[in-house]
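**Q** Residue-level listing of the chains:
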Amino acid sequence: MMDYEIVIGLEVHCQLLTQTKIFCGCSTDFGNPPNHNTCPVCTGMPGALPVLNRKVVDFAIRAGLATGCEITRNSVFARKNYFYPDLPKGYQISQFELPICLAGHLDIEVEGGVKRIGITRIHMEEDAGKLVHPEYSGGVSYVDYNRACVPLLEIVSEPDMRSSAEAVAYLKALREIMVYLGITDGNMEEGSFRCDANISLRRWGAPHFGIRAELKNMNSFRNVQRAIDYEVERQRDILDGGGQVVQETRLWNVERGVTMPMRGKEEAHDYRYFPDPDLLPVVIEEAWIAGIRAGLPELPAAKRRRFAAAYGLSEADIEVLTAERAMADFFEAAVGFFPQPKPVANWIMAELLKFINEDKITIEKCPITPEGLARLLRLIEDGAISGKIAKQVFARMYAEADNDPLRLVEEEGLGQISDSAELAKLVDELVAANQDKVAEYRAGKVKMFGFFVGQVMKKTGGQANPQMVNELLKERIG
Amino acid sequence: MELYNCSLEELGRLFARGEVSALAITRSVLDRIAELDAQVGAYLEVDENGALAQAEAADQRRRNGEKISPLCGMPLGLKDLLSTKGMKTTCASRMLADYRPEFDATVVTRLREAGAVLLGKLNMDEFAMGSSTENSAFHPTRNPWNLGRVPGGSSGGSTAAVAAGMAIASLGSDTGGSIRQPASFCGVVGLKPSYGRVSRYGLVAFASSLDQIGPITATVADAALLLGVIAGFDAFDSTSVKAPVPDYYQGLDREIEGLRIGVPREYFAAGLDPEVEAAVNQACRQLGSLGARLDEVSLPHTDYAVATYYLLATAEASSNLARYDGVKYGFRDTQAESLIEMYRRTRAQGFGEEVKRRIMLGTYALSAGYYDAYYRKAQQVRTLITQDFDQVFRDFDVIVAPVCPTPAFAFGEKVDDPLAMYLSDILTIPVNLAGLPAISVPCGLTAQGLPVGLQLIARPFAEEMLLRVARHYEQVSGWNGCRPQLQGNKGKAVR
Numbered sequence: 350m351m352d353y354e355i356v357i358g359l360e361v362h363c364q365l366l367t368q369t370k371i372f373c374g375c376s377t378d379f380g381n382p383p384n385h386n387t388c389p390v391c392t393g394m395p396g397a398l399p400v401l402n403r404k405v406v407d408f409a410i411r412a413g414l415a416t417g418c419e420i421t422r423n424s425v426f427a428r429k430n431y432f433y434p435d436l437p438k439g440y441q442i443s444q445f446e447l448p449i450c451l452a453g454h455l456d457i458e459v460e461g462g463v464k465r466i467g468i469t470r471i472h473m474e475e476d477a478g479k480l481v482h483p484e485y486s487g488g489v490s491y492v493d494y495n496r497a498c499v500p501l502l503e504i505v506s507e508p509d510m511r512s513s514a515e516a517v518a519y520l521k522a523l524r525e526i527m528v529y530l531g532i533t534d535g536n537m538e539e540g541s542f543r544c545d546a547n548i549s550l551r552r553w554g555a556p557h558f559g560i561r562a563e564l565k566n567m568n569s570f571r572n573v574q575r576a577i578d579y580e581v582e583r584q585r586d587i588l589d590g591g592g593q594v595v596q597e598t599r600l601w602n603v604e605r606g607v608t609m610p611m612r613g614k615e616e617a618h619d620y621r622y623f624p625d626p627d628l629l630p631v632v633i634e635e636a637w638i639a640g641i642r643a644g645l646p647e648l649p650a651a652k653r654r655r656f657a658a659a660y661g662l663s664e665a666d667i668e669v670l671t672a673e674r675a676m677a678d679f680f681e682a683a684v685g686f687f688p689q690p691k692p693v694a695n696w697i698m699a700e701l702l703k704f705i706n707e708d709k710i711t712i713e714k715c716p717i718t719p720e721g722l723a724r725l726l727r728l729i730e731d732g733a734i735s736g737k738i739a740k741q742v743f744a745r746m747y748a749e750a751d752n753d754p755l756r757l758v759e760e761e762g763l764g765q766i767s768d769s770a771e772l773a774k775l776v777d778e779l780v781a782a783n784q785d786k787v788a789e790y791r792a793g794k795v796k797m798f799g800f801f802v803g804q805v806m807k808k809t810g811g812q813a814n815p816q817m818v819n820e821l822l823k824e825r826i827g
Numbered sequence: 016m017e018l019y020n021c022s023l024e025e026l027g028r029l030f031a032r033g034e035v036s037a038l039a040i041t042r043s044v045l046d047r048i049a050e051l052d053a054q055v056g057a058y059l060e061v062d063e064n065g066a067l068a069q070a071e072a073a074d075q076r077r078r079n080g081e082k083i084s085p086l087c088g089m090p091l092g093l094k095d096l097l098s099t100k101g102m103k104t105t106c107a108s109r110m111l112a113d114y115r116p117e118f119d120a121t122v123v124t125r126l127r128e129a130g131a132v133l134l135g136k137l138n139m140d141e142f143a144m145g146s147s148t149e150n151s152a153f154h155p156t157r158n159p160w161n162l163g164r165v166p167g168g169s170s171g172g173s174t175a176a177v178a179a180g181m182a183i184a185s186l187g188s189d190t191g192g193s194i195r196q197p198a199s200f201c202g203v204v205g206l207k208p209s210y211g212r213v214s215r216y217g218l219v220a221f222a223s224s225l226d227q228i229g230p231i232t233a234t235v236a237d238a239a240l241l242l243g244v245i246a247g248f249d250a251f252d253s254t255s256v257k258a259p260v261p262d263y264y265q266g267l268d269r270e271i272e273g274l275r276i277g278v279p280r281e282y283f284a285a286g287l288d289p290e291v292e293a294a295v296n297q298a299c300r301q302l303g304s305l306g307a308r309l310d311e312v313s314l315p316h317t318d319y320a321v322a323t324y325y326l327l328a329t330a331e332a333s334s335n336l337a338r339y340d341g342v343k344y345g346f347r348d349t350q351a352e353s354l355i356e357m358y359r360r361t362r363a364q365g366f367g368e369e370v371k372r373r374i375m376l377g378t379y380a381l382s383a384g385y386y387d388a389y390y391r392k393a394q395q396v397r398t399l400i401t402q403d404f405d406q407v408f409r410d411f412d413v414i415v416a417p418v419c420p421t422p423a424f425a426f427g428e429k430v431d432d433p434l435a436m437y438l439s440d441i442l443t444i445p446v447n448l449a450g451l452p453a454i455s456v457p458c459g460l461t462a463q464g465l466p467v468g469l470q471l472i473a474r475p476f477a478e479e480m481l482l483r484v485a486r487h488y489e490q491v492s493g494w495n496g497c498r499p500q501l502q503g504n505k506g507k508a509v510r
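Same order as they appear, the protein sequences are chains F and G. For what it's worth, this note's numbering labels the leading residue of the first sequence as 350, then goes sequentially. For what it's worth, this note's numbering labels the leading residue of the second sequence as 16, then goes sequentially.
FYI, nobody ran anything at the bench for these hints, they're computed from the structure. Treat the numbers as computed from the prediction; the structure is a model and nothing was measured. A portion of the hints provided could be inaccurate.
Pulled from the structure, derived: some chain F residues nowhere near chain G, Cβ distances all over 10 Å [stated by the list, open to error]:
| id | residue |
| --- | --- |
| 1 | Val400 |
| 2 | Pro434 |
| 3 | Thr469 |
| 4 | Ala518 |
| 5 | Glu525 |
| 6 | Pro610 |
| 7 | Asp627 |
| 8 | Ala639 |
| 9 | Leu726 |
| 10 | Asn819 |
Calculated cross-link-like contacts (lysine-lysine; reagent style DSS-like; alpha-carbon spacing at most 25 Å) [unchecked claim]:
| id | chain 1 | residue 1 | chain 2 | residue 2 |
| --- | --- | --- | --- | --- |
| 11 | F | Lys796 | F | Lys786 |
| 12 | F | Lys404 | F | Lys429 |
| 13 | F | Lys464 | F | Lys521 |
| 14 | F | Lys652 | F | Lys691 |
| 15 | F | Lys808 | F | Lys737 |
| 16 | G | Lys392 | F | Lys429 |
| 17 | F | Lys740 | F | Lys714 |
| 18 | F | Lys714 | F | Lys652 |
| 19 | F | Lys429 | G | Lys371 |
| 20 | F | Lys786 | F | Lys740 |
| 21 | F | Lys740 | F | Lys807 |
| 22 | G | Lys343 | F | Lys429 |
| 23 | F | Lys714 | F | Lys691 |
| 24 | F | Lys479 | G | Lys343 |
| 25 | F | Lys404 | G | Lys257 |
Which stretches of chain F does chain G cover? Using the computed rule of at least three CB atoms under 8 Å from a CB of chain G, they are [as the list claims (entries may be wrong)]:
| id | segment |
| --- | --- |
| 26 | 375 to 384 |
| 27 | 423 to 432 |
Yeah, the Cβ is synthetic: ideal placement off N, Cα and C, and Gly gets one too.
Chain F extracted, bound-state conformation (with noise of 0.2 Å):
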């Protein structure tokens, strides 16, 4: 379709789910008042000295593992050294030469299979703060040093994307799995998990990569794929026109849809990358990797392979139940207590989904059990509530976090009526009392038979079981 093959290779940031910040005890609650989650450490002030963080590294060993990385026994922190305000130091603690994962890779689905794509390696590091620029404050900028010190994962991948589509595959699987291990909330709009694209063009066939731009600043799936369709295009223009892509990192301006360069090559930096002398090398024994091992969940793409052998459901189905671990973390608690995955499904997909995308709530918050969901489908299975009412008690267990469907159905009256005495007294009623309309019936008229029924169901207030006032009816009128 074009002269050019494009090259592309993403780093990715992703925010740990740590409750304190990766060298001080300081909280990483997110949304505080500025500068509230600091200390003299994050702060970077004379004398104060930083301390790991024992969980970033077991979450960086999760990471590894779980993208088939070789976990690095003695890895290094260095400092990056450059100047900017959010930088309390003048560096950036951070792993150069040594860094705790290398080497693994992520299997995407592309079409036409699965392609692999390479991870050159994983690295953690403390994040910088954030520049404040208020439009009162009359050209004056401050600095929130809250972000200052909390950690993350730099994962970068090799240059192995092919499109702009590959690029997002890769960006979704690797999410995905790294919500899946419970180390990241992944969310793209608070900055939790961000990437830059390293991108560029070269003609089929040609030996060696063209020159590349790193784009920044993108900030959900759908940027992107735009962000990464607008370089390449503007990439192409150029080598079309006989120019020479310069070698610049570049911004998404989400709003004008363009790329735009952030700084200019004189400006390129020497970082001065040396190991931090204020931190030992991170020593890993082999019993800390097996541990952690031992405890990885199953990731997305083996346990849709498993919900198929297993439950039988469609590829769609599957789809919905697995994009987050919750879900099918629930889906399958529910499948315990109900051993019937189809009726599940379709009350979790229909029923549950649909509240907790009205309400903007995980399922981790779900007022509804899988516990709850199993007894109400257990009613349903043993005739003391139809499908109907069953909708109704769904939504008040919901509503009211009680997950105990049948004192609802008994407080409510909602349950079906099947004792046969009291329809028996009802059917004998209603004949009594119709006795033209049974003449009719009986002369052929067979759609009398369901003006009975409607008239059983109409004074239960829909809870006679259907089949008993049947039989019954045929008993009398029959």
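Starting from the structure of chain F, add chain G where the hints point.
**A** For chain G alone, kept in the frame of chain F given last:
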């Protein structure tokens, strides 16, 4: 003898017995400061009210019958790169002229908990860079033995104060000899502990892999007492070591019979002042008379130590000092029109010449294309220097050497020749590169009445052995408790 000239050990005993109050000791030292410091210039800030209040609190503790630490009620001074909550911590730099930390350094916390009286902050070379305390942005410190001479550096204020009785003891920091060299110049005891023995939390960093806080005292026993309080693991410093802290003081008098002492030939090379050499040789003989066996040893990579040090220390310094950018605290230039300009002007005006020289050197050593030739190579040489020591310590318990090639030099003598200044640390630097403990103890006076120091070096975390050998030497040396005569400005020794 005046209280201000007594040792920690003596005063602690008197105080514990109730024979002297902390207030009386503190007043004696504060009066001494008032009388002398205009000449010496050891202090950057004296917290008189704070000190008196702490002394009262110490007296109260004793009256209440609380358990008393050996430092309780003892007036101590702190090098001004140790963070003190609410009290200026300037590093003798214009950059931090008005900086008051939000927190105490771990050593300061430990001193406070021990009931010590903190007198104030002592002068130094700016950011601990220098060997003469001439590089302070505020004023130089003078050597109490001879006011025309430097006290050494960078802990010159800390050593001058102890020598002149303006603090019973003090804390300094040693990156390439900054405790031992000024201790030698001022005739006091200076101990550089093993790297990791004392927490660096709250020590404003010069070169993180080399810096270590240590005691500066009138006697070896005092050094043992002070180290016992400040040493030990600290969860706030990843490089501090989880090793038990022995009772250094109790260990002092154990025998040293059969001790093997190495005398490195490279430390007695050309450039060593004959008077220094004579004093050190005399000390060696006295150690021999105590039953120690002395043999010549070799530390073959000694020649590379200074070059290695000035690559690694400056590389780390260039990074450690990047935070002084005018954004959050300290000096800021207000004329700049842009952010980059603000950084440039702030750092150009806030730092002194020596600091700027080292930042530039370090920046160069780390820059792309030079890293392998300089920084990485220096790390490799550092390993070789460490291995030299390991080799010697297989057969020897202690190494004995001079501290500095010369006694205290005159003001201005080396200030225009940075390389000559750097060479005054030639005999102390290898110890920092190898992370070893070492001590400087007085071992003589030159004909001009300038102190000479003896350096003892031990294997990592063998401070107990180091202090014991120093103590035995001190007792036979005759230099114990030697004080400068200050009123006449002659620098004569009095007992």
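**Q** For this structure, which hints from the list above don't hold up?
**A** 1, 2, 7, 20, 26
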